[in-house]
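J.: Sequence:
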Amino acid sequence: MSGHGTPIKMTSRKCGPLTGIAEVPGDKSISHRALILGALSVGETRISGLLEGEDVLDTAKAMRAFGAEVTQHGPGEWSVHGVGVGGFAEPDQVIDCGNSGTGVRLIMGAMATSPIAATFTGDASLRKRPMGRVTDPIAMFGAQAYGRQGGKLPMTILGAADPVPVRYATPMASAQVKSAVLLAGLNAPGQTVVIEKTPTRDHTERMLRGFGAEISTEETAEGHVITLQGRPELVAQEVAVPRDPSSAAFPVCAALIVPGSEIVVPGVSQNPTRNGLFITLKEMGADITFENEREEGGEPVADLRVRYSELHGLEVPAARASAQIDEYPILSVVAAFATGVTRMPGVHELRVKESDRIDAMARGLEANGVKIEEDEDTLIVHGCGPQGVPGGAIAASHLDHRIAMSFMVLGMAAQEPVSVDDGSPIATSFPVFEDLMAGLGARIVRENG
Numbered sequence: 001m002s003g004h005g006t007p008i009k010m011t012s013r014k015c016g017p018l019t020g021i022a023e024v025p026g027d028k029s030i031s032h033r034a035l036i037l038g039a040l041s042v043g044e045t046r047i048s049g050l051l052e053g054e055d056v057l058d059t060a061k062a063m064r065a066f067g068a069e070v071t072q073h074g075p076g077e078w079s080v081h082g083v084g085v086g087g088f089a090e091p092d093q094v095i096d097c098g099n100s101g102t103g104v105r106l107i108m109g110a111m112a113t114s115p116i117a118a119t120f121t122g123d124a125s126l127r128k129r130p131m132g133r134v135t136d137p138i139a140m141f142g143a144q145a146y147g148r149q150g151g152k153l154p155m156t157i158l159g160a161a162d163p164v165p166v167r168y169a170t171p172m173a174s175a176q177v178k179s180a181v182l183l184a185g186l187n188a189p190g191q192t193v194v195i196e197k198t199p200t201r202d203h204t205e206r207m208l209r210g211f212g213a214e215i216s217t218e219e220t221a222e223g224h225v226i227t228l229q230g231r232p233e234l235v236a237q238e239v240a241v242p243r244d245p246s247s248a249a250f251p252v253c254a255a256l257i258v259p260g261s262e263i264v265v266p267g268v269s270q271n272p273t274r275n276g277l278f279i280t281l282k283e284m285g286a287d288i289t290f291e292n293e294r295e296e297g298g299e300p301v302a303d304l305r306v307r308y309s310e311l312h313g314l315e316v317p318a319a320r321a322s323a324q325i326d327e328y329p330i331l332s333v334v335a336a337f338a339t340g341v342t343r344m345p346g347v348h349e350l351r352v353k354e355s356d357r358i359d360a361m362a363r364g365l366e367a368n369g370v371k372i373e374e375d376e377d378t379l380i381v382h383g384c385g386p387q388g389v390p391g392g393a394i395a396a397s398h399l400d401h402r403i404a405m406s407f408m409v410l411g412m413a414a415q416e417p418v419s420v421d422d423g424s425p426i427a428t429s430f431p432v433f434e435d436l437m438a439g440l441g442a443r444i445v446r447e448n449g
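For the sequence shown, position 105 matches number 105 in my numbering, and the numbering has no gaps at all.
Think of the hints as simulated: they come from the structure by calculation, not from any bench.
Just so you know, nobody snuck in bad clues.
Just the calculated beta-carbon pair ranges, DEER-fashion:
1. THR121 with SER216: 30 to 40 Å
2. ASP421 with GLU214: 46 to 56 Å
3. GLY260 with ARG343: 21 to 31 Å
Computed list of lysine-lysine pairs in BS3-like fashion (alpha-carbon distance at most 27 Å, straight line):
4. LYS61 with LYS128
5. LYS371 with LYS9
6. LYS152 with LYS128
7. LYS371 with LYS282
8. LYS371 with LYS14
9. LYS152 with LYS61
10. LYS282 with LYS14
Positions of the beta carbon are idealized from the N, C-alpha and C atoms, including for glycine.
Produce the entire structure from the sequences given, and follow the hints as far as they go.
T.: The following block contains the structure:
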């Protein structure tokens, strides 16, 4: 449970070819947003394909605490009876967002322009993450934040009684920050404007438009400019959540490095702000084909057919970082099996995720026999090529689901088994990871728990 429970040591061993169909869970980013916007709408929003990992379930609990009626009807099938923009009630309990930086930051934004107070906390990992990147812009609306030194959770937000519209240039490429400001802008009069130097994942804009908000985007000399008209009446929708490309990355990358593998991953989001990994893998020589391309729930999707490939290193364009920021841990695993050097610049944001993901991957890969170089903003992996990754070590997951899953994939093709000290955080985003990978032919075992 998001690092709250007993650590679960997990070990992954070299396996035969991975084959079959990998039905990965619904997109985590869209699942969070569907629940929040459903709660801010008038009427009943029906959601299909919702990710039922701990992060999203914590957001569902939070929406109930703010007064929305949130009901599960079956696997992935949920409904939200919303309270409308500005209709959040003051919660009578602390909002525990578990491991989810997306959940806590978006919810802070959503309540920041209502005259209510809410206290937020999370697990040990989330309590280390910076919240100032959200509390600074919501203060411009009139909200106040009181947290631990350094802007850390636990934190109490006092929403603005008389919010004002904001024009805000994001200091870093962060969809969470952009989305928090836009959600705060819903209950502010006039126009709220967000300016990004580099466009980030646009699920919030797409979904706001789908729920009836007046929102526009344009490219200007300032950058990517998003303009939201405040105080709309959001209307309940039916939301079909596509499968998560960040979760799909794990079976896709496993199939690429395990000889003889061929798998299909159906219905994966191909949103151009999220598909950077697949572009990078293709440039490395990956055999990935995109079949049955279509649109579901306002998002482009495709079925991915993936075959084992001999890969080569490259320099990943820094400009692509925002479109694959969550996939660098698993990309570094793929790079370890490639021939040559893979250089990944522009990844400073990885330092402030669920863990310092640059350090976590560097230390774990080094322990398993891979040569690594790094600086504050760059990770460089020297591929082991045909001789393969030695393996044989235990990596620390640092309460980070993507670190744990990445090292489980490493073990599927390494010469010796690879372990993580705690695989329990995997449940936050990919609760069926072990069963799904076992169904394809992987050999992952729990040492305890």
